[in-house]
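4 protein chains.
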Amino acid sequence: MQSSPATEPVRYSFLGPRGTFCFAALQQVASEDTATFVPAVDVPSALRMVRAGQTDAAVVPIENSVEGGVNATLDSLTAGSPLEIRGEMLVPIAFSLAVRPGTRAADIRRVATHPHAWAQCRTWIAEHLTDAVHVPATSTAAAARELAENPDADFDAAICAVPTTGVYGLVSLSDEIADNRNAVTRFIKVSKPGEIPPATGSDKTTLMVRLASEKPGALLEMLQQFAAVGVNLSRIESRPAGDQLGRYAFSLDAEGHIHDERVQAALVGLHRICPEVTFLGSYARADRQVTRLHAGTSDEDFGAARTWVASLLSRVTR
Amino acid sequence: MQSSPATEPVRYSFLGPRGTFCFAALQQVASEDTATFVPAVDVPSALRMVRAGQTDAAVVPIENSVEGGVNATLDSLTAGSPLEIRGEMLVPIAFSLAVRPGTRAADIRRVATHPHAWAQCRTWIAEHLTDAVHVPATSTAAAARELAENPDADFDAAICAVPTTGVYGLVSLSDEIADNRNAVTRFIKVSKPGEIPPATGSDKTTLMVRLASEKPGALLEMLQQFAAVGVNLSRIESRPAGDQLGRYAFSLDAEGHIHDERVQAALVGLHRICPEVTFLGSYARADRQVTRLHAGTSDEDFGAARTWVASLLSRVTR
Amino acid sequence: MQSSPATEPVRYSFLGPRGTFCFAALQQVASEDTATFVPAVDVPSALRMVRAGQTDAAVVPIENSVEGGVNATLDSLTAGSPLEIRGEMLVPIAFSLAVRPGTRAADIRRVATHPHAWAQCRTWIAEHLTDAVHVPATSTAAAARELAENPDADFDAAICAVPTTGVYGLVSLSDEIADNRNAVTRFIKVSKPGEIPPATGSDKTTLMVRLASEKPGALLEMLQQFAAVGVNLSRIESRPAGDQLGRYAFSLDAEGHIHDERVQAALVGLHRICPEVTFLGSYARADRQVTRLHAGTSDEDFGAARTWVASLLSRVTR
Amino acid sequence: MQSSPATEPVRYSFLGPRGTFCFAALQQVASEDTATFVPAVDVPSALRMVRAGQTDAAVVPIENSVEGGVNATLDSLTAGSPLEIRGEMLVPIAFSLAVRPGTRAADIRRVATHPHAWAQCRTWIAEHLTDAVHVPATSTAAAARELAENPDADFDAAICAVPTTGVYGLVSLSDEIADNRNAVTRFIKVSKPGEIPPATGSDKTTLMVRLASEKPGALLEMLQQFAAVGVNLSRIESRPAGDQLGRYAFSLDAEGHIHDERVQAALVGLHRICPEVTFLGSYARADRQVTRLHAGTSDEDFGAARTWVASLLSRVTR
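As you go down the protein sequences, you meet chains A, B, C and D in turn. Under this note's numbering, the letters of the first sequence match residues 11 to 328, in that order. Under this note's numbering, the letters of the second sequence match residues 11 to 328, in that order. Under this note's numbering, the letters of the third sequence match residues 11 to 328, in that order. Under this note's numbering, the letters of the fourth sequence match residues 11 to 328, in that order.
FYI, nobody ran anything at the bench for these hints, they're computed from the structure. One or more hints might be untrue.
[As the list claims (entries may be wrong)] So, partial list: chain B residues that the calculated Cβ filter (under 7 Å) puts toward chain C:
| id | residue |
| --- | --- |
| 1 | V39 |
| 2 | V143 |
| 3 | E205 |
| 4 | I206 |
| 5 | P207 |
| 6 | A238 |
| 7 | H269 |
| 8 | V278 |
| 9 | P285 |
[Stated by the list, open to error] Partial list, derived from the structure: chain C residues whose beta carbon lies under 10 Å from chain D:
| id | residue |
| --- | --- |
| 10 | T46 |
| 11 | P49 |
| 12 | V51 |
| 13 | T148 |
| 14 | A237 |
| 15 | S244 |
| 16 | R245 |
| 17 | F260 |
[What the hints assert, rightly or not] Stretch-level coverage of chain D by chain A, calculated; a stretch enters the list once three of its residues show a Cβ under 8 Å from a Cβ in chain A:
| id | stretch |
| --- | --- |
| 18 | 36–48 |
| 19 | 203–217 |
| 20 | 302–311 |
| 21 | 315–322 |
All values reported here derive from a predicted model rather than from experimental measurement. Using N, Cα and C, we set each Cβ at its ideal position, and we do this for glycine too.
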């Protein structure tokens, strides 16, 4: 990724097809007017395209989503040649009941969608489409596309992401059919190591860390490297470190940017005490929440402290 | 759940239909000879049946599985009337390419399975069934059942859990089609609060904990309650605590049983400093790995320490 | 020490002779009308008298004082049969320039006092008694007594504790001759193990603790036993643990009383992880400062937490 | 202090007079052949001479000694213009019973010495000089000098440091009269800020640190700055921070030299989180014990970690 606008990534792989929630996330960071969108059948495939140079970046879910899970993403990020996160996007998980123009609710007998989407609209369906039968699809968007493009499709409606309805020329009978009306899924933009986006004051740094041992203190010691320098964690997930029984790996989101001295200090500590630390990117938070600084942890505080220590060091006899 | 064998739970809900990986997990703890197996369409439904008294226990995935995710389970466990974990089971994630007797590999044009299962066999399929098309299904077992029971099914093969093939009278053309041959998924048995199974020396205690604040020290302080008494964590996952921005909840597996003094001491500490602690069960580990005790943390060590303190306390003037 | 007033300790050993700062401390807790005061030549002797049953209690300095040091006291407390602290007293370190009636400042050529007292009045002496010569004495009180009782004493004035002047019938030419006008020394009342005074809400618990190892984490782990239960330390001093190179012992004052659940919990932790913990008493603070409770550390908080854990424990199958 | 031998400090103040234990400590680092020894009447005076430029360095006790205490030294070090520790020396606390040539034990009626020395030989005296009377002196050396130089002294013997006997031409009747035969006192060499002696691999760094608050976690947080970078403490003493009730100051000896990266990292941390940190010197340990390095805390470990972080930082877009 170069900084010149002319050479902005123009090819994006994403968890397709067009119309998925992941597609909506991609639309937040790129336009098809200036970029090529390349659908992938799953998260590993989307990332594989980046690694192979077939696309310049990928947009994939990083938190539990309807069609693909965070673990597939976390594992694929670190299994293979290095990739880094460049940004994150939030997408509301709102479903439409999409039909062909002219179809009425009373006409609906069979509804196509991804099994997970069906599960998330179960209450609404039980009330409004009592006798409807589920026709499974590989994604919510695939169901909508089939409905739109195949006159012989064996179903009358599709449950898909709200924006998808328009993508395929369908009509929404309701946009509020999800049982949980406030669900939001987080997606990330991933590319090969290259330029790290500048610090914004509202940043996140993602890491994968292995612990040296399994004593109760090992996790604590690792977290103390963050606490000692005032870096908060907004996400921590233990991951089985497959190669060795009883060893842990942790996927972490730390508040702050590698450009912040306190984040650098935490990383120095992790590198020293952990057998493996993988940097997975520093990037702007989607929620734009400004990082709260704790006393003594600003760049100025670090600078003043280092200046003092340097002045002492300069007096050591050589 | 009563302790008399005659009144063992006889009705189990599980993530159905028969033949799922979850079904295989259920078969590890119960037999259809003495129990009734009730399939549920998703994890929340399986748990809802227990809450409603329609089943005595449920078996559901607790770690990323092919057909249902850990997050749905974690969220459903704590959203609703109390449920507790009574045991865990490990199931190898091995897929069969199941066909009707007589079908040859060369005959296969369309393959039904859950989208996630399809994704996990992609490499093998690309090599061995180059031109096969994916027909999505709501579960791997549903695909197998449809193939077995519906002569008009519009596909020639199903990808399903290895044991499922026999369940439906199908034939396996290969049992080694998963891209990752070592995958294992963890399932749990859940019931209403009642008798907690006895300590075995190889136990796990699952908790959901909220932190009072979001300062970097808050997570550390919580973990110090475990470290101070020598209790190791084998799993930790931050969960967004939906009600309040910036507040965290953590899903934890602690090594040990509520019967162990050190686990009790950790829980006393959590109860004191955390606004909310939910006990989700003490139960035997599926891997039978014996809990390693750290110096000074055995029941004897706690007993001796409490005896000493009690002797001091007895001397305080009243 | 019995609780009946009639049998209150009636024999006190103290760092003598009468008129020392230690004597002033003793006067804060006992009256010669009802008790016998037995002067000792040094701190170990005062404690030895208690151990031998020659006195019921001893009053000795526990923080740097003019005539005897904290270390002698700390070491003597733990070297020998058990002793415990029953209370503490604060004595302002104010010196008099004591003379026989009739002596004027201009007459003073030679001034007797303990070498440490002389050092603490050096500035005043340099200004007001420019040519005076120091005659060393074993204590400030001994100097005053000699001046009062021995007409042939080879000095004209004594520097002694302010109250001492009157004890020996001398006259003070100034009570403000100390270079530091705000110095205060802490003394303790010590007796054999017996009844521990009741909690007052403003208490202190004194401990001597050995660490198992010298790794940087060992001290931290010990202190975490206090922090985990919200117990503050008001004093910590490392002491060489003479028997083994590189091992530490720590003399600690913890805020709170053994009657407080949080102090009990801290002691249980210390007993578990430290090779040696010596309880040296729970007693009222001299400054009457009420112990600040941190969230989640009151007896009620502990009680509620233990009740919850007990309710879980009661459900474990036996 | 310059590094050229020709300009080595040639004037030393010490806790006099000649013949004290402090004098013995001074003799370990300087010879009267090439340096001037200036006796001071107390520790503050010895340090004042350095501050005033009257001497180039001072040698004073830093741990409880017979004639002067650590607290006077600790307080004087930080109360006034900056001073730093340049080295430490250990002196065995062995006492002689010194007499004029010809005096026999049976002739001894009155024994002069500092009150603290008298206390430390009490057992031996009780056995061997049953009826001897104590004549107090300002120091052990002052007693010896008076005995040697004043034929009219009103005592027959002096208890003094073993080497002192010869200094004043006296004869020792016994060199083993101390009740504790293994006592050793630590002394330090102090000078104005200037060149810091080079790291030897067996070093100590002395600090005075104030804490921002008195919550139980504050001390812990301070110590975590050391633990997080693997720096062990060999001494910690809480000191009342006179200016504000409930605030603590701590006098610390950390293992290692300001030249060590881990010590620098600890100091950066202290400077950031503590309202006041005073550097009191990095210098060779008297016991020559090599500092044990913990995994991940060598200069190489720090260097490798910083190099990694720098490589990440270099990729941040500017």
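Against the structure, the hints come out as follows:
no.: 1; hint: V39; verdict: violated, 16 Å
no.: 2; hint: V143; verdict: violated, 52 Å
no.: 3; hint: E205; verdict: holds, 5 Å
no.: 4; hint: I206; verdict: holds, 5 Å
no.: 5; hint: P207; verdict: holds, 6 Å
no.: 6; hint: A238; verdict: holds, 4 Å
no.: 7; hint: H269; verdict: holds, 5 Å
no.: 8; hint: V278; verdict: holds, 4 Å
no.: 9; hint: P285; verdict: violated, 10 Å
no.: 10; hint: T46; verdict: violated, 23 Å
no.: 11; hint: P49; verdict: violated, 14 Å
no.: 12; hint: V51; verdict: holds, 7 Å
no.: 13; hint: T148; verdict: holds, 4 Å
no.: 14; hint: A237; verdict: holds, 5 Å
no.: 15; hint: S244; verdict: holds, 7 Å
no.: 16; hint: R245; verdict: holds, 5 Å
no.: 17; hint: F260; verdict: holds, 8 Å
no.: 18; hint: 36–48; verdict: violated (count 0)
no.: 19; hint: 203–217; verdict: holds (count 7)
no.: 20; hint: 302–311; verdict: holds (count 4)
no.: 21; hint: 315–322; verdict: holds (count 5)
Violated hints, in rising order: 1, 2, 9, 10, 11, 18; the structure is consistent with all others.
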